[in-house]
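Please arrange chain A on chain E, whose structure you already have, making use of the hints.
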Amino acid sequence: NAGVMQNPRHLVRRRGQEARLRCSPMKGHSHVYWYRQLPEEGLKFMVYLQKENIIDESGMPKERFSAEFPKEGPSILRIQQVVRGDSAAYFCASSLGPGQGPYEQYFGPGTRLTVT
Amino acid sequence: EDQVTQSPEALRLQEGESSSLNCSYTVSGLRGLFWYRQDPGKGPEFLFTLYSAGEEKEKERLKATLTKKESFLHITAPKPEDSATYLCAVQAYYSTLTFGKGTMLLVSP
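Chains as they are written, first to last, in the numbering used here: chain E, 1 to 116; chain A, 117 to 225.
Isolated chain E (complex conformation) (with noise of 0.2 Å):
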């Protein structure tokens, strides 16, 4: 399978601990985004990346949120100190770069995050 592959699929967290998630992109794709969706909202953009690179962040909350996407091995959005308001499902998705071709973003499953 040669989609965008993220996991965990589902991750339970106390308020307090740490969610790691993690997202594989699409064979051939260069640039990462993730976005975040909640009951009865839109998808939101949080942030977009290349490897090695943050292009934009400007849909991460300052604060106890971060992404990277090293080198090697998946992009990684990583939440220190969960509480509730962050219980939502965390879609990840892939395009190829500037200049490469068609740009349209493919999504992968999500992982759904709960914060008990």
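Just so you know, the hints here were simulated from the structure itself, not pulled from any lab data. All values derive from a computational prediction rather than experimental measurement. Some clues are possibly wrong.
[As the list claims (entries may be wrong)] Partner residues aside, some chain E positions facing chain A, computed with beta carbon under 10 Å: (1) S58; (2) F91; (3) E104; (4) G108.
Glycine is no exception: its CB is placed at the ideal position from the N, C-alpha and C atoms.
Same frame as chain E, but now just chain A:
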């Protein structure tokens, strides 16, 4: 600020009853307008990209059109398997995707 408004929020159709979903947008320099389909508990599935006013794209029973202010997703003779939430998103140049809240479509047999 880029904005996307989708209507209706929910739509119930009988199998074979054609209809249209609307996506109104404001964006500072449209790079592309995207339609996605999302099934419950799954990630959005890419359907179409539209780049300029007047453009149309088709896939099976779906047809997407674009004007300078809105896009329509026309569903011809829908089947129950077309039931899903349909998402519209816009992208400005040097920007990321802005999504609408979606239209939840239910097609009854």
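Each hint, compared with the structure:
1. S58: Interface hint status for S58 (chain E): holds (8 Å vs cutoff 10 Å).
2. F91: 5 Å, holds
3. E104: At 5 Å from the nearest chain A Cβ, E104 (chain E) passes the 10 Å test, so the hint holds.
4. G108: With a closest approach of 5 Å, the G108 (chain E) hint holds.
Every hint, counting from the list given before, is met by this structure.
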